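*Asks:* What follows is the residue order along each chain.
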Amino acid sequence: MTVKNTLEFVELEQVYDLLAQAIDKVGKDNEALFLGKLCITLAHRVGELDSVKDSIRIAAKQF
Amino acid sequence: MRPADRGELDSLYFDYSVFPFRRAPELDGSEVCHPVIIAGAGPVGLIAALALAQQGIASVVLERKNTVNDGSRAICVSRYSFETLQQLGAVAPFLAKGLGWTKGRCYYRDQLIYRLEMPHSEHERFLPMYNIQQQFIEQYLIDKAAAYPDLIDLRWQSAVLDVHNESDGVALSIGTPEGDYTLRGQYLLAADGARSTVRELLGLRLQGDNLPGNYVIADVRMLHDFPTERRSFFESSGNPDATVLVHRQPDNIWRVDWQILPQDDPQEAVREETVRKRVQAILEMIGHSGEWELEWWSIYTANTLCLEDYRHGRVFFIGDSAHIVPIFGVRGLNNGIADAVNAAWKLAYVLKGCAADTLLDSYSPERRGATLDVFRNAGKSSRFMTPPTRGYALMRKAVLELALTEEFTRPFADPRQVQPYTYQQSLLTTADVDGALFNAGPAPGAALLNHRLGEDDYLLDHIGTGFTVLHFSDQNALSEDIANLFAALREFDPQLEILRINVTPYDGSEDGRVLVGTAGNIRAGYDGVDGSLYLVRPDRHVAGRWKSADAGQVIAAMQRVLGGA
Ligand SMILES: Cc1cc2nc3c(=O)[nH]c(=O)nc-3n(C[C@H](O)[C@H](O)[C@H](O)COP(=O)(O)OP(=O)(O)OC[C@H]3O[C@@H](n4cnc5c(N)ncnc54)[C@H](O)[C@@H]3O)c2cc1C
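For the protein sequence lines, the chains are A and B, in the order given. Per this note's numbering, the very first residue in the first sequence carries number 1275; after that it's consecutive. Per this note's numbering, the very first residue in the second sequence carries number 182; after that it's consecutive.
The set of hints was computed from the structure by calculation and includes no laboratory data. Among the hints, erroneous ones may be present.
No more than 30 Å apart at the CA atoms, straight line, and that leaves these computed lysine-lysine pairs for DSS-like [said to hold, decoys possible]:
id: 1; chain 1: A; residue 1: Lys1327; chain 2: B; residue 2: Lys561
id: 2; chain 1: A; residue 1: Lys1299; chain 2: B; residue 2: Lys578
id: 3; chain 1: B; residue 1: Lys578; chain 2: B; residue 2: Lys284
id: 4; chain 1: B; residue 1: Lys578; chain 2: A; residue 2: Lys1327
id: 5; chain 1: A; residue 1: Lys1335; chain 2: B; residue 2: Lys561
id: 6; chain 1: B; residue 1: Lys578; chain 2: A; residue 2: Lys1302
Stretch by stretch, here's where chain B covers chain A in the computed footprint (C-beta under 8 Å, at least three residues) [as the list claims (entries may be wrong)]:
id: 7; stretch: 1305–1311
id: 8; stretch: 1314–1322
Small disclaimer: the values here were computed from a predicted structure and weren't measured. From the three backbone atoms N, C-alpha and C, an ideal C-beta is built for every residue, glycine too.
Just chain A, same shape as in the assembly (with noise of 0.2 Å):
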């Protein structure tokens, strides 16, 4: 599917690294946790169901 409003790739890279110390912090017992809670709050904020969908499915890919 087309995404219409994706972030530029300087602010992508931002993301990365947020992402990347959030992980870092919250410890290996709580990633799976804080990764559920953070996509269902990208998920309300983006209010495109079909997005939300293709980024899972995307995600899922390789297992």
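We have chain A already, so just place chain B with the ligand on it with the hints.
*Replies:* This is chain B with the ligand only, laid out in the frame that chain A set:
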């Protein structure tokens, strides 16, 4: 189960009547063929008998036991069920005893995260939900049945042992303390509960899923000051690993439900000592430090199971014999009551010769549709109450933790309580005609909405026991067309109740009772204009509606319901 020092019917708050066996005429050679036989005098069988009696149809109700159910089971009775009880003329003791409620609270780790508010407005006579123990429900229905001595023949200590489902009727073999007899009838309503004998005798099986998770349900008596609200607790200090529910009931009885984990041994979970320990921990968590007494407890499994067809020839399954649903949405009993009413008016109209046999074909699709709708909702709430997999458990924790600070995940904690089902897809329902759409009011297939007309005066107080017409008009005198239409509708149903919703007060009406529309602004609630008409079935569901009624269309809609008769 009851505490070890108390007998099976030794309740802290309910005096069990023991109903005597009375010798049936069939034991002395009578071979009468009864119009309707009802197997089981649980709440659902009793409602069916009352609904039939109200239509003038006699039934024989067979009950294996000699009293009402041994512990409290269902406690939450919905507004829609109360409206049914009102229509049956039976609501008064329920209103006097029941504790009404509209609100709920959900806690995560002992912190309030969600406030449940059920839909309510000034137009409702009844609250969204009432808590009342099932023993009282059954007792009040039995009392009401006694008002129909010629129409309801309630036979205690009479067990259905065998069933023959024949093309022209049913023949049952009944076991009693004084021997067995054969009982013949035109139709059988199987209201014999989750372990239905009739279902087994006909070789039928419930299909569906056993959801993971067992619950222990305990009733305790205590003086505890908290409003009648539904309280649910996730990961609470009283039961850190699983969910807890707390409900208030009449007579200072409190219902405490807690989930037991898949790895827990169910036998151990219902041992009296284990139950007492868990109750103590939960009561501490809700801030009750005083005395409490254990009344009764039981174990409950969440299932979504139902029959593929609720009708088999002359046998109709109503209530738990047809479907077993999880408790979270409090639908078990409420849906059973709706089954009973649906089956009863249809049978009555066929038996009275007002409807073709085909009307009976609509019972199973309508009520099974309602069950499947329950399953969809209950499936969602069960997955939340009892996450079936690691993924579900993780996501539940995620939304609950977020709910501590964020608004947007709080609705996940909503218990999705029972809503009346809409028979939109039923073959009996006439859809809105294009271009004449209503902006308000109950849609075709939906149940009538109540509407306040004045002080202690509501629309549903006025509806009949048969079909009801709501006719909106600006003129006091009826046009000839409409007068002819009403006459034609009366030919179909002599019980027809006509409610005319006029702009101005008017008396001396020969055709129907007049409600003054402007008083309660019912026109806006129903989006009725001069000439609008709602045709309503005996069970309060809308068969069809017209912005500007055309006699031909209204009669066609009536024919659609009643068939070729
Ligand atoms: C432990 C427990 C807890 C529950 N808690 C809740 C709750 O909190 N909320 C809720 O909504 N629902 C609850 N339910 C479900 C609710 O009680 C049922 O949905 C409701 O009782 C169904 O009514 P019924 O008349 O169809 O069946 P039942 O109430 O089971 O009545 C069936 C009757 O048929 C009789 N019978 C059976 N076989 C024969 C036979 N062969 N011959 C003659 N008579 C026979 C039985 O003795 C019984 O009286 C609970 C059920 C149980 C078991």
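*Asks:* Next, verify each hint and record whether it holds.
*Replies:* Evaluation of the provided hints:
1. Taking the CA atoms of Lys1327 of chain A and Lys561 of chain B, the gap is about 19 Å. The hint holds against a cut of 30 Å.
2. Of the supplied pair hints, the one linking Lys1299 of chain A and Lys578 of chain B holds, its CA atoms being roughly 19 Å apart against a limit of 30 Å.
3. Restraint check for Lys578 of chain B and Lys284 of chain B: satisfied, since their Cα atoms lie roughly 24 Å apart, inside the 30 Å limit.
4. Taking the CA atoms of Lys578 of chain B and Lys1327 of chain A, the gap is near 21 Å; set against the 30 Å cutoff, the hint holds.
5. Of the pairs offered as hints, the one joining Lys1335 of chain A and Lys561 of chain B holds, with about 26 Å between alpha carbons and a cut-off of 30 Å not exceeded.
6. This hinted pair checks out: Lys578 of chain B and Lys1302 of chain A have alpha carbons roughly 16 Å apart, not beyond 30 Å.
7. Judged by the Cβ-Cβ criterion of 8 Å, the stretch 1305–1311 of chain A is covered by chain B as claimed, because 4 of its residues qualify and three suffice.
8. Closer than 8 Å: that is the beta-carbon criterion, and the stretch 1314–1322 of chain A has 3 residues meeting it against chain B, so the requirement of 3 holds.
In summary, the structure agrees with every hint in the numbered list given earlier.
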